[in-house]
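J.: Here are the chains, one letter per residue:
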Amino acid sequence: MATVELKDVKKTYAGGVEAVKGVSIDIPDGQMCVLVGPSGCGKSTLLRMVAGLETITAGDVLIDNNVVNRLGPAERDIAMVFQNYALYPHMKVYDNMAYGLRNRGMPRPEIDQRVREAAATLGLAELLERKPRELSGGQRQRVAMGRAIVRSPKAFLFDEPLSNLDAKLRGQMRIEIKAIQRRFGVTSIYVTHDQVEAMTLADILVVMNAGLAEQIGTPLSIYERPATTFVAGFIGSPSMNLMKAVAQGAKGLQLADGGSVVKPRDTELPQGGREVLLGVRPEHFTLVKDGKNADLELSVTAVETLGADTLAHGRPSGSNGSGGEIIARLPGASRIDEGDVLPLAIDPGLAHLFDAASGQRI
Amino acid sequence: MVENRPFLTFLSHLVLILGLLVVFLPVYIALIASTRGPTEFLSGIVPLLPGDHTIANYRAMLQSGLSTSGAPPLFPMMMNSLIMALAIAIGKIVISIISAYAIVYFRFPFRALAFWAIFVTLMLPVEVRIIPTFEVVANLSMLNSYAGLTIPLIASATATFLFRQFFLTVPEELIEAARVDGAGPIKFFWDILLPLSRTNIAALFVILFIYGWNQYLWPLLITTDTRYYTVVMGIKRMAAYADAEPLWNLVMAAVMLAAIPPVIVIIFMQRLFIKGLVETEK
Numbered sequence: 413m414a415t416v417e418l419k420d421v422k423k424t425y426a427g428g429v430e431a432v433k434g435v436s437i438d439i440p441d442g443q444m445c446v447l448v449g450p451s452g453c454g455k456s457t458l459l460r461m462v463a464g465l466e467t468i469t470a471g472d473v474l475i476d477n478n479v480v481n482r483l484g485p486a487e488r489d490i491a492m493v494f495q496n497y498a499l500y501p502h503m504k505v506y507d508n509m510a511y512g513l514r515n516r517g518m519p520r521p522e523i524d525q526r527v528r529e530a531a532a533t534l535g536l537a538e539l540l541e542r543k544p545r546e547l548s549g550g551q552r553q554r555v556a557m558g559r560a561i562v563r564s565p566k567a568f569l570f571d572e573p574l575s576n577l578d579a580k581l582r583g584q585m586r587i588e589i590k591a592i593q594r595r596f597g598v599t600s601i602y603v604t605h606d607q608v609e610a611m612t613l614a615d616i617l618v619v620m621n622a623g624l625a626e627q628i629g630t631p632l633s634i635y636e637r638p639a640t641t642f643v644a645g646f647i648g649s650p651s652m653n654l655m656k657a658v659a660q661g662a663k664g665l666q667l668a669d670g671g672s673v674v675k676p677r678d679t680e681l682p683q684g685g686r687e688v689l690l691g692v693r694p695e696h697f698t699l700v701k702d703g704k705n706a707d708l709e710l711s712v713t714a715v716e717t718l719g720a721d722t723l724a725h726g727r728p729s730g731s732n733g734s735g736g737e738i739i740a741r742l743p744g745a746s747r748i749d750e751g752d753v754l755p756l757a758i759d760p761g762l763a764h765l766f767d768a769a770s771g772q773r774i
Numbered sequence: 015m016v017e018n019r020p021f022l023t024f025l026s027h028l029v030l031i032l033g034l035l036v037v038f039l040p041v042y043i044a045l046i047a048s049t050r051g052p053t054e055f056l057s058g059i060v061p062l063l064p065g066d067h068t069i070a071n072y073r074a075m076l077q078s079g080l081s082t083s084g085a086p087p088l089f090p091m092m093m094n095s096l097i098m099a100l101a102i103a104i105g106k107i108v109i110s111i112i113s114a115y116a117i118v119y120f121r122f123p124f125r126a127l128a129f130w131a132i133f134v135t136l137m138l139p140v141e142v143r144i145i146p147t148f149e150v151v152a153n154l155s156m157l158n159s160y161a162g163l164t165i166p167l168i169a170s171a172t173a174t175f176l177f178r179q180f181f182l183t184v185p186e187e188l189i190e191a192a193r194v195d196g197a198g199p200i201k202f203f204w205d206i207l208l209p210l211s212r213t214n215i216a217a218l219f220v221i222l223f224i225y226g227w228n229q230y231l232w233p234l235l236i237t238t239d240t241r242y243y244t245v246v247m248g249i250k251r252m253a254a255y256a257d258a259e260p261l262w263n264l265v266m267a268a269v270m271l272a273a274i275p276p277v278i279v280i281i282f283m284q285r286l287f288i289k290g291l292v293e294t295e296k
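Chains as they are written, first to last, in my numbering: chain A, 413 to 774; chain E, 15 to 296.
Treat the hints loosely; a few may be bogus.
[Claimed, not checked] Taking lysine-lysine pairs in the DSSO-like style, the calculated list, with each CA pair at most 27 Å apart, reads:
#: 1; chain 1: A; residue 1: Lys-590; chain 2: A; residue 2: Lys-566
#: 2; chain 1: E; residue 1: Lys-201; chain 2: A; residue 2: Lys-566
#: 3; chain 1: A; residue 1: Lys-504; chain 2: E; residue 2: Lys-201
#: 4; chain 1: E; residue 1: Lys-289; chain 2: E; residue 2: Lys-201
#: 5; chain 1: A; residue 1: Lys-580; chain 2: A; residue 2: Lys-543
#: 6; chain 1: A; residue 1: Lys-590; chain 2: A; residue 2: Lys-580
#: 7; chain 1: A; residue 1: Lys-543; chain 2: E; residue 2: Lys-289
#: 8; chain 1: A; residue 1: Lys-656; chain 2: A; residue 2: Lys-704
#: 9; chain 1: A; residue 1: Lys-566; chain 2: A; residue 2: Lys-433
#: 10; chain 1: E; residue 1: Lys-289; chain 2: A; residue 2: Lys-504
#: 11; chain 1: E; residue 1: Lys-201; chain 2: A; residue 2: Lys-543
#: 12; chain 1: A; residue 1: Lys-566; chain 2: A; residue 2: Lys-504
#: 13; chain 1: A; residue 1: Lys-580; chain 2: A; residue 2: Lys-566
#: 14; chain 1: A; residue 1: Lys-543; chain 2: A; residue 2: Lys-504
#: 15; chain 1: A; residue 1: Lys-566; chain 2: A; residue 2: Lys-419
[Unchecked claim] Stretch by stretch, here's where chain A covers chain E in the computed footprint (C-beta under 8 Å, at least three residues):
#: 16; region: 179-188
#: 17; region: 191-198
#: 18; region: 202-213
[To be verified] DEER-style ranges, computed between Cβ atoms:
#: 19; chain 1: E; residue 1: Lys-201; chain 2: A; residue 2: Ser-548; range: 26 to 32 Å
#: 20; chain 1: E; residue 1: Val-140; chain 2: A; residue 2: Gly-452; range: 47 to 53 Å
#: 21; chain 1: E; residue 1: Lys-289; chain 2: A; residue 2: Arg-594; range: 55 to 61 Å
#: 22; chain 1: E; residue 1: Ala-169; chain 2: A; residue 2: Asp-438; range: 55 to 61 Å
#: 23; chain 1: E; residue 1: Phe-120; chain 2: A; residue 2: Gly-517; range: 23 to 29 Å
#: 24; chain 1: E; residue 1: His-27; chain 2: A; residue 2: Ala-591; range: 57 to 63 Å
#: 25; chain 1: E; residue 1: Phe-120; chain 2: A; residue 2: Thr-713; range: 40 to 46 Å
#: 26; chain 1: E; residue 1: Phe-122; chain 2: A; residue 2: Glu-487; range: 44 to 50 Å
#: 27; chain 1: E; residue 1: Arg-143; chain 2: A; residue 2: Gln-495; range: 44 to 50 Å
#: 28; chain 1: E; residue 1: Val-140; chain 2: A; residue 2: Pro-521; range: 51 to 57 Å
#: 29; chain 1: E; residue 1: Pro-199; chain 2: A; residue 2: Gly-719; range: 54 to 60 Å
#: 30; chain 1: E; residue 1: Val-140; chain 2: A; residue 2: Asn-481; range: 48 to 54 Å
#: 31; chain 1: A; residue 1: Thr-612; chain 2: E; residue 2: Ile-280; range: 17 to 23 Å
#: 32; chain 1: A; residue 1: Gln-584; chain 2: E; residue 2: Pro-209; range: 28 to 34 Å
Honestly, the hints are just simulated from the structure, not real lab data.
From the three backbone atoms N, C-alpha and C, an ideal C-beta is built for every residue, glycine too.
Could you put together the complete structure from these sequences and hints?
T.: Okay, structure coming up:
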């Protein structure tokens, strides 16, 4: 059990590539911090620096308030779960889990007790004598978890651990990982590019982009108040609609592609003439009966029927087509066809405004 | 996948059977020759059925050898060959796996140079460098010794190269997992890399044992003492008989006996050997 703290951590590779450009994160004891971002954003590099597998160019990594920059991975007392599980193929499940403990010189009975406890927790008790190749993907994943648990480390580090599993198993393992992390109360860092994993697992969510932490917060606070257009587009599925617009002061917004004027209620509008991006999540459109209450009229070009929901793709009526497509997530019961013009209201307080140039939230 | 069609099955079996015949016929004739009397091969007609001198021929070879040709009895020569083949096979594997480990996993100055230096020696087989090698061995007084028979043949670029290629396929994550588990370089080598290389080692052992067993030119050059004769060069001495026809029946008996150890090695290591050559699963 420990706190993990990153202080302005940077990584520059020998070739001069800056993978991580200064990230500071504070992870309190027992919390799960998820690093999420597109590939190449530096999230894995950051994790590997915490693990000690990658040297730290600048800044400090602190575990339990001790700077661990110069310690090797084994001395940092962390456990890591790898994307491809990295099980030792020639060792039985039991030995895979016991190997790290043996290297520490732990007495045999204690190793045995710990391995059997962890195996029971993870439902691996029957599989201890098998080799990794005789296990399914999910079982291998559990063994990798078990190898981490038996160590009782100060921190768990997960490097995209679920990306090799099929969708159904991934959902199931996600819940298991969360439950195990809660039960053992181990401080964790979890790297993923899957925003569903990020949202569901995180106590602290860090959205990374191009070597920087774009936003750090709880999943809901990030969902509700994305700090930049990047975060707005990355968190949430389908992504938030971002529409170019010009603020018209009290009159509202004029969409840049010539679409109809939109006046998000309960949203404070900036001064006239300023170029902004209006962000509305697909799920924050409501279909209204009366066109007068509509903030936006959507000419539907494509419909995706998902059952519970229906996704309506289209453009604002009057659009000259230069703006992007808009997606609205509507209740499955609303029968929609291509070519319909839908009067949509934006849920009060749920529209976001960003500066068009900087992408920062206004 | 090739479809399962009767004609293809027939054709592939035909090719296999023909190939087998081509390979097996000389061996069969040697086997027959070793069971016949001393004069039966001189008539020019090759008999195809076993004769009745089997026990006499083999007993003669094992107990007294062909003393007229200056060769010792077969058994001590086979022991020499065994020592030489084992020393070469084990020595080559030990040295090359360690050097491959250094080249793949450690960053040291001139690492690439070291690799290429080893690699270049691939192009220089024993025969090319045999005069200087002989000079060195002679100056070190290693003529007529097991050390002289084996040490110059132990360095192996081929085996180093094969282990290097194998090590490069071991996933990076495995190395990192071992580091997180607190395994240092020696532990990683011993606990993880070596067990993973098991099948490769077996395959190489088979190949190198046969390589060592079949050495002819080198033992011929550096041994003048019959106590250090190896069986392959011994057979050559038996066949190259001055002023008389070689005793083919006895020579072939020696050939048959000399072929047994490599065959035993292959039979016992066949499973691992094939696995080592084809396995890709890690």
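J.: That 57 to 63 Å hint for His-27 (chain E) and Ala-591 (chain A) (C-beta), does it hold up?
T.: Holds - the Cβ-Cβ distance for His-27 (chain E) and Ala-591 (chain A), about 59 Å, lies within 57 to 63 Å.
J.: Lys-504 (chain A) and Lys-201 (chain E): Cα distance at most 27 Å?
T.: holds (18 Å)
J.: Given the hint that Lys-201 (chain E) pairs with Lys-543 (chain A), test it: the Cα-Cα distance must not exceed 27 Å.
T.: holds (20 Å)
J.: So is the region 202-213 of chain E in contact with chain A by the C-beta rule, three or more residues under 8 Å, or is the coverage claim wrong?
T.: holds (count 5)
J.: Given the hint of 17 to 23 Å, check if Thr-612 (chain A) and Ile-280 (chain E) actually sit that far apart at their C-beta atoms.
T.: Violated, at about 57 Å.
J.: Is the gap between the beta carbons of Phe-122 (chain E) and Glu-487 (chain A) within 44 to 50 Å?
T.: Taking Cβ atoms as reference, Phe-122 (chain E) and Glu-487 (chain A) lie about 23 Å apart, which means the hint is violated.
J.: Just tell me: holds or violated, for the beta carbon distance of Gln-584 (chain A) and Pro-209 (chain E) against 28 to 34 Å?
T.: holds (33 Å)
J.: Within the assertion that chain A covers the region 191-198 of chain E, do at least three residues meet a Cβ-to-Cβ distance smaller than 8 Å?
T.: Held - the region 191-198 of chain E has 7 residues with a Cβ nearer than 8 Å to chain A, which meets the minimum of three.
J.: Honestly, do Phe-120 (chain E) and Thr-713 (chain A) meet the 40 to 46 Å range at C-beta?
T.: violated (60 Å)
J.: Assuming the hint says 23 to 29 Å, is it satisfied by the Cβ distance from Phe-120 (chain E) to Gly-517 (chain A) or not?
T.: At 26 Å between Cβs, range holds.
J.: Hinted pair, alpha-carbon criterion (27 Å max): Lys-201 (chain E), Lys-566 (chain A). Please report holds or violated.
T.: holds (24 Å)
J.: When you take the CB atoms of Val-140 (chain E) and Pro-521 (chain A), is the distance between them in 51 to 57 Å?
T.: holds (55 Å)
Consistency with the previously given hints fails for numbers 13, 21, 25, 26 and 31, ordered from lowest to highest.
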